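Going down the list, the protein sequences come from chains A and B.
First residue of the first sequence: 1, per full-length UniProt numbering; consecutive thereafter.
First residue of the second sequence: 1, per full-length UniProt numbering; consecutive thereafter.
There could be a bad hint or two in this list.
What the hints assert, rightly or not - According to the in silico footprint, chain A covers these stretches of chain B (three or more CB under 8 angstroms from chain A):
hint, segment
1, 151–162
2, 174–188
3, 243–249
4, 257–263
5, 337–350
6, 440–446
If you are wondering where the hints come from, they were derived from the structure by calculation, not from laboratory data.
Only a predicted model underlies this, so the values are computations on that prediction, with no experimental measurement involved.
Note that beta-carbon positions come from the ideal geometry of N, C-alpha and C, so glycine has one too.
Number of protein chains: 2
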Amino acid sequence: MLNPADEQLAAMLPDGVLRPVTPAYLEEPRGRYHGQAGLIAAPRTTDEVAQIVRACAAARVGIVTRGGGTGLVGGQVMPDGPAPLVLSLERMTALRGIWPEENVLVAEAGMTLQAVRDAAENHGRLFPLSLASQGTAAIGGCLSTNAGGVTALRYGTARALCLGIEAVLPDGSIVNDLKRLRKDNTGYDLRDLLIGAEGSLGVITAASLKLVVPPPNIGTAMLEVPGPEAALTLLALAEGHMAGGVTAFELIGGQGLAFLAETLPEIRQPLPKAHWSVLIEVGLPVGMAPDAALEGLLSDAMERGLVTDGVIAQSGQQAAGFWHLREHIPEANRRIGAISSHDVSLPLSEIAAFILDAGAALAARSDLRVNCFGHLGDGNLHFNLFPAAGRHRAEYDDQRKDLSLLVHEMVVARGGSFSAEHGVGRLKVAELERWGDPARLAAMRAIKSALDPLGIMNPGAVLSQASD
Amino acid sequence: MLNPADEQLAAMLPDGVLRPVTPAYLEEPRGRYHGQAGLIAAPRTTDEVAQIVRACAAARVGIVTRGGGTGLVGGQVMPDGPAPLVLSLERMTALRGIWPEENVLVAEAGMTLQAVRDAAENHGRLFPLSLASQGTAAIGGCLSTNAGGVTALRYGTARALCLGIEAVLPDGSIVNDLKRLRKDNTGYDLRDLLIGAEGSLGVITAASLKLVVPPPNIGTAMLEVPGPEAALTLLALAEGHMAGGVTAFELIGGQGLAFLAETLPEIRQPLPKAHWSVLIEVGLPVGMAPDAALEGLLSDAMERGLVTDGVIAQSGQQAAGFWHLREHIPEANRRIGAISSHDVSLPLSEIAAFILDAGAALAARSDLRVNCFGHLGDGNLHFNLFPAAGRHRAEYDDQRKDLSLLVHEMVVARGGSFSAEHGVGRLKVAELERWGDPARLAAMRAIKSALDPLGIMNPGAVLSQASD
Numbered sequence: 001m002l003n004p005a006d007e008q009l010a011a012m013l014p015d016g017v018l019r020p021v022t023p024a025y026l027e028e029p030r031g032r033y034h035g036q037a038g039l040i041a042a043p044r045t046t047d048e049v050a051q052i053v054r055a056c057a058a059a060r061v062g063i064v065t066r067g068g069g070t071g072l073v074g075g076q077v078m079p080d081g082p083a084p085l086v087l088s089l090e091r092m093t094a095l096r097g098i099w100p101e102e103n104v105l106v107a108e109a110g111m112t113l114q115a116v117r118d119a120a121e122n123h124g125r126l127f128p129l130s131l132a133s134q135g136t137a138a139i140g141g142c143l144s145t146n147a148g149g150v151t152a153l154r155y156g157t158a159r160a161l162c163l164g165i166e167a168v169l170p171d172g173s174i175v176n177d178l179k180r181l182r183k184d185n186t187g188y189d190l191r192d193l194l195i196g197a198e199g200s201l202g203v204i205t206a207a208s209l210k211l212v213v214p215p216p217n218i219g220t221a222m223l224e225v226p227g228p229e230a231a232l233t234l235l236a237l238a239e240g241h242m243a244g245g246v247t248a249f250e251l252i253g254g255q256g257l258a259f260l261a262e263t264l265p266e267i268r269q270p271l272p273k274a275h276w277s278v279l280i281e282v283g284l285p286v287g288m289a290p291d292a293a294l295e296g297l298l299s300d301a302m303e304r305g306l307v308t309d310g311v312i313a314q315s316g317q318q319a320a321g322f323w324h325l326r327e328h329i330p331e332a333n334r335r336i337g338a339i340s341s342h343d344v345s346l347p348l349s350e351i352a353a354f355i356l357d358a359g360a361a362l363a364a365r366s367d368l369r370v371n372c373f374g375h376l377g378d379g380n381l382h383f384n385l386f387p388a389a390g391r392h393r394a395e396y397d398d399q400r401k402d403l404s405l406l407v408h409e410m411v412v413a414r415g416g417s418f419s420a421e422h423g424v425g426r427l428k429v430a431e432l433e434r435w436g437d438p439a440r441l442a443a444m445r446a447i448k449s450a451l452d453p454l455g456i457m458n459p460g461a462v463l464s465q466a467s468d
Numbered sequence: 001m002l003n004p005a006d007e008q009l010a011a012m013l014p015d016g017v018l019r020p021v022t023p024a025y026l027e028e029p030r031g032r033y034h035g036q037a038g039l040i041a042a043p044r045t046t047d048e049v050a051q052i053v054r055a056c057a058a059a060r061v062g063i064v065t066r067g068g069g070t071g072l073v074g075g076q077v078m079p080d081g082p083a084p085l086v087l088s089l090e091r092m093t094a095l096r097g098i099w100p101e102e103n104v105l106v107a108e109a110g111m112t113l114q115a116v117r118d119a120a121e122n123h124g125r126l127f128p129l130s131l132a133s134q135g136t137a138a139i140g141g142c143l144s145t146n147a148g149g150v151t152a153l154r155y156g157t158a159r160a161l162c163l164g165i166e167a168v169l170p171d172g173s174i175v176n177d178l179k180r181l182r183k184d185n186t187g188y189d190l191r192d193l194l195i196g197a198e199g200s201l202g203v204i205t206a207a208s209l210k211l212v213v214p215p216p217n218i219g220t221a222m223l224e225v226p227g228p229e230a231a232l233t234l235l236a237l238a239e240g241h242m243a244g245g246v247t248a249f250e251l252i253g254g255q256g257l258a259f260l261a262e263t264l265p266e267i268r269q270p271l272p273k274a275h276w277s278v279l280i281e282v283g284l285p286v287g288m289a290p291d292a293a294l295e296g297l298l299s300d301a302m303e304r305g306l307v308t309d310g311v312i313a314q315s316g317q318q319a320a321g322f323w324h325l326r327e328h329i330p331e332a333n334r335r336i337g338a339i340s341s342h343d344v345s346l347p348l349s350e351i352a353a354f355i356l357d358a359g360a361a362l363a364a365r366s367d368l369r370v371n372c373f374g375h376l377g378d379g380n381l382h383f384n385l386f387p388a389a390g391r392h393r394a395e396y397d398d399q400r401k402d403l404s405l406l407v408h409e410m411v412v413a414r415g416g417s418f419s420a421e422h423g424v425g426r427l428k429v430a431e432l433e434r435w436g437d438p439a440r441l442a443a444m445r446a447i448k449s450a451l452d453p454l455g456i457m458n459p460g461a462v463l464s465q466a467s468d
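Can you build the whole structure from these sequences, using the hints too?
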């Protein structure tokens, strides 16, 4: 039964958009936050989104937009304050059009990333954004959080793959900017402002996305390296060899392999004893055999002491096996149970020293294990803390906050970011206030007030709710 | 001698920043606008920029920021209204740092694009932005206008090459966001908002820029094609062959070659009779001979009827000759004297029909010549109108406005943009008002008011000055 205020709001909404309030709309994958909702609305069209936004503005009810719900920083759930309307994009899943000869596709925001990738593939094209959660993550959410993933090194983050957006602003007006253009210098970049705003400046309802012609030859290898510094030198060498063809360059730590062996022993490990290894993928021109290209790189790298062992995939199946291993590191982590997870980025030349220093500082503070892995080519590490063998994460409850602060402080001191690819959401609002540049924060607040004067769009996400 | 108001402002500025008001500060390359200035200030540091901005805010004096002054839409000159202070970045030319192992460089805004490219090259790296005006254009201006150029197809426009900025906002606060990070999802993208804002939201004072490892092998060819449609099919074929290695793909029309032959006969033309040709450049991995790769593409393309003739550069010198030809098309145009120039972009699949239809519509309206050329891979055409042979541009003065409107209308009708890479400046403010999405324009005005409530930053550029 609805309370009177929600009943009044419900009466203002388009027919047939309301959905029952079920737990699935109020959860997030890490289980840190439990959301609330006065109403759940699932519009079918952009016009319906606009009507809902206008109704919420009139009723002064907050709007939490929800795509696939896979975000890792609590941007999709609002645990505190007056219960919001949850705006689910689950019914806006149309492929509005695809122009393979232009390398462009226009998708509604509720389409899953996998569905976008499949649509491109059906036309001989690749939408290069790739995340472990792509079967569930909605493309609107990928854009709203500027998702990264394993191919950002070559193709950029979600922002770089978006040519234009359609969006509903907090006043209910509809921005029609679904251009299929690679160049359009006509005024302020509202697109990039809404991308990464995590639903706090408006609702992205559709996007014009950039596709690529897939590389004709793909090579994949797992290489054991002496350490992160050697891995970075190897990356520069690989870039010199491959003319920008390095698609992915993932760092894998020995702790991650050990967690995999412990929790998912069925996963085949090509280099089970490596303290540090990298998974490299390259896209190569017609006439260039991937084996030969990777062997050339490997022999050059071994001569320089940058690689100590390695396996070049001899088949697509073997390459898929390497990726299967990489993509299951987060699952192994979940089974072990992290004390604290950190999605950080650093200037590339600071990474090796950071890993060393942070490991030492943490060891001095607590008895724990570190699993460090991630998108090394982007300077993006997932630096996650786990209980010592035989202990449980709950034993670290009282240390969690301090340990997390320690990691973030060491990242920031080296010019790094406390949120590389997951966003701010609700989890890192305090971090942004602490470490964000004050002039930039003031400008963000001014923009938020200008576009959303009533503060109805995802209240409390990214920026704390103004009590001033 | 200064008027009393300017004298008062001058007294508030840091010592030694004033420069004599000379004509060079008031000009723009196309000679359409003649600027004015109460004062010219050339600060040495970001703090001095902030002091100047605060003084202008206190005195309610407009600020026109000037880099190299090469912009083509009058963003750098203010012909009307109360005389502004011209803020020249000519003394802020320091290379603040370079980290070749990170592929990052931090430049002050007054550094020329050529100087940035040279600094990268000195460390074995490439800053890929490339413009005909790079010897004069300042990097701050390149960012403020989101400059494009010949390599945007592979490396993106200026926006895609910037990792972070330092900027002075209209209230004199300094945004310190010179991060050397490829991923940083911590709040709204103020960087991309200031990039492309043409000085109307603040002053970019320095930027952290993305470098690349230069491709080990570069191949260059000029290919005669049956027409623009075949050229686009050829581009898709080339992308399929080269695994994303196509760096540039420039369309050259026969009219452009004729203008070159007439005005710059010393320039060697490899395909002097081609009605349509393309200049293609590819970057290739180690072990891949550029000749062989381009020959493979050429034979494939000829078999499909996409190329009728072609010359593959046999040396760096020959390749440079091809580029010399391409880069002198604008100079030949200047010598002929254009009636009207159009920097437009179109969805790729609309280009061939646009060129045909617009040519026919113009021919029906007037006796003139069209030189169509440009960055075909980006859908970016320079579609310029010239007098019929034996006539002079002045004879077309009364038609100019109508002809320009006709071209822009045909572009917009096909989902294109009336400003692909040059920006809005003062030249295209009316076009933006006419064709810009209303909700987007309203949001732009709200952002402008929020960040620059006094309206002092480049008044009248991008957005008309609010009379409301």
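- Task: Against the structure, test the hints numbered earlier, and report the numbers of the ones violated in rising order.
- Result: Number 4 - this is the single hint that the structure violates.
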